[in-house]
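Just need the whole structure built from these sequences, with the hints factored in.
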Amino acid sequence: MKRALVMLAVAAAALVAADFAVHHHVHFGWEGVPGGYGVFGLVAALVLTAVAATVGRALRRDEAEEGDRGHG
Amino acid sequence: MASLPPGILLVAGALLVPLFKGRLKQLWLLALPLVAGAHLYALAGTAGAGQQLEFLGHTLTLARVDRLALVFGLAFHVAAFLATVFSLHVKDDVQHVAGLAYAGSAIAAVFAGDLITLFCAWEGTAIASVFLVWATRTERSYRSAMRYLLFQVGSGVLLLAGILFHLRAGGGVGFDALPLDTTGGRLMFAAFGIKACFPLLHTWLVDAYPNATPGGAVWLSAFTTKLAVYALARGFAGAEPLVALGAAMAVFPLFFALVENDLRRVLAYSLISQLGYMVAAVGVGTPLALDGAAAHAFAHILYKALLFMALGAVLHRTGTCRATELGGLARSMPWTAGFCLVAAASIAAVPGFSGFASKSLILDALAAEHRAVAWHLLLFAGAAVVPYLAFRVPYLAFFAPARRAHEGAGEAPATMRVAMAVAAAGCVAVGVFPGALYALLPGRPDVQPYTGAHVVGQLQLLVFAGLATALLFRKGWFPLAREGRLLDFDWTWRRLVPAVGGPLVRAGARLRATVLASFRNVGLGLWGRLFPHLAPSGSLARAWSTGSTVLWVAVILAAYLVLYYLG
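Chains as they are written, first to last, in my numbering: chain W, 14 to 85; chain B, 1266 to 1832.
Keep in mind that the hints are not guaranteed to be accurate.
As the list claims (entries may be wrong) - With a Cα cut of at most 25 Å, we get these calculated SDA-like pairs of lysine to any residue: (1) B/Lys1286 / B/Leu1736; (2) B/Lys1286 / B/Arg1402; (3) B/Lys1740 / W/Ala71; (4) B/Lys1356 / B/Ile1273; (5) W/Lys15 / B/Phe1738; (6) B/Lys1740 / W/Val23; (7) B/Lys1740 / W/Val68; (8) W/Lys15 / B/Gly1592; (9) B/Lys1290 / B/Arg1682; (10) B/Lys1290 / B/Ala1309; (11) B/Lys1290 / B/Asp1358; (12) B/Lys1356 / B/Gly1673; (13) W/Lys15 / W/Ala27; (14) W/Lys15 / B/Leu1736; (15) W/Lys15 / B/Gly1741; (16) B/Lys1286 / B/Ile1273; (17) B/Lys1740 / W/Ala22; (18) W/Lys15 / B/Phe1743; (19) W/Lys15 / W/His36; (20) W/Lys15 / B/Tyr1660.
None of these hints come from the bench; they were simulated from the model.
Bear in mind the structure is a predicted one, so any value in this text is a computation, not a measurement.
Here you go:
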């Protein structure tokens, strides 16, 4: 797991560096900021996980209780 | 051959399937989508409104051939072929007949040039497809199929009502741009919206698809929802509400998908999210956006079918798709695991895979129209696909430590692997040669998705989302397998309405019984008092004298006069 993390971090750093070499056709202000898409992706994954965890806590029920236990 | 209505070969051929046995049946099954594909090729050369007939004073167009219909028609034929190959080993004729008739109906709907033909084909998809859920033959699948049927028939009823209102208001029978400011138009919009899984109308999909047979889910993943996207593109392109609806559809299922235990239900939620891209694009309505919707429908049919095939193979071999009962299958099902990863890369829009070619068009179209909110929400969904699907589904099924031993769970049968290989090849081909797909689109968009900015931006989005996922996983905060069923909006009518409505109905019944009993008692009492007078021997039954009759007539007239003056 640690190796995967390191590899991802290296790839992330390389992609931020690559941002300086490409020209973005900017529609929304932050698109021109180097690493902007990366920050968006990072925050999106964190927000998704945090909200989904809350959804899971609030809405998870026992399957037998819901009468849906069975195939599949 | 081009004179036959589209889809008819599959429907007619499906009905003959039970007549064949053994290898001959398999040959027949394989031949049907291939012959239907040749029919499509013949049709492609006859662009325009062909095959018309008169019906109740209306001109029905059974085959309206244009580029929008052709690209959806091609995707449906490819899906029919893949699903047929995937299910070829299945010995259950119900699934073969239902699957092929379902595909044929969907194809007929796509080429329908008028609303009446569309309605007939629309109902055909509903009736044929429900057998793919029933075919699991469990109490749970039966109940799920009944709920599914309720939604599908409801959509059909709304469509029929909409058509009737539309015709009565002087609208033509042609299936072209439809108004959203008339009753008929709104009813048809709602009918399409049910099948397109608009928010709160989506529950039938996450209910039924995970309960279908392994092959049934592959059939189901391709047709109903993409037919709805086609219908919206044909009838309501540029309808403003679709942008917000699509953006909402792209995002809300993600929060369920990340914590759902049934991995085929995760795919169902993800299907709705991907539909959101298409619906939002249809709402934008520019030529590039509509091309994006059609391209994404094509790409989506391939990778979603592949995902359902991979998990269908897992279900076939292990008997379950619950994350809490899976894990470690990469060792026994390496090919299936590999195909699942290809599908995951495609839905995540990794450059080189199909999703990248199609999502780029939609995001560019939204950006060009400065649809900031919708664009950001779709970008959020694009990043979120990494944790909730691209990582979580393959990991929990194939790479996580096994949570339950599945002795003898070998690799998927050869026919399943062939179907997955073809679908995976399609995902890569579309990703590597996007121009080939773009050339099929209605507007033949002249765009290049492989620019440095596109590729770097998309890779950043995915790699950083992956980094966050890895960090959360390492910290133990990433939601992995956990028992339980998530409540969705259908809880309101499956649980809340009976819970609240049941006591109300029972109280109403008690009140009615009490009131009726009271009336009966009062009535019986009154009857008991009046009967002596009304009986043959009673005072009212005797012959009255003329004088007393005149007196009573005078009393009645006086009473009438008083009432008249009071009024």
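Next item on the list: Of all the hints given earlier, name the ones this structure violates by number, lowest first.
Entry: Numbers 1, 10, 19 - these are the hints that the structure violates, sorted from lowest upward.
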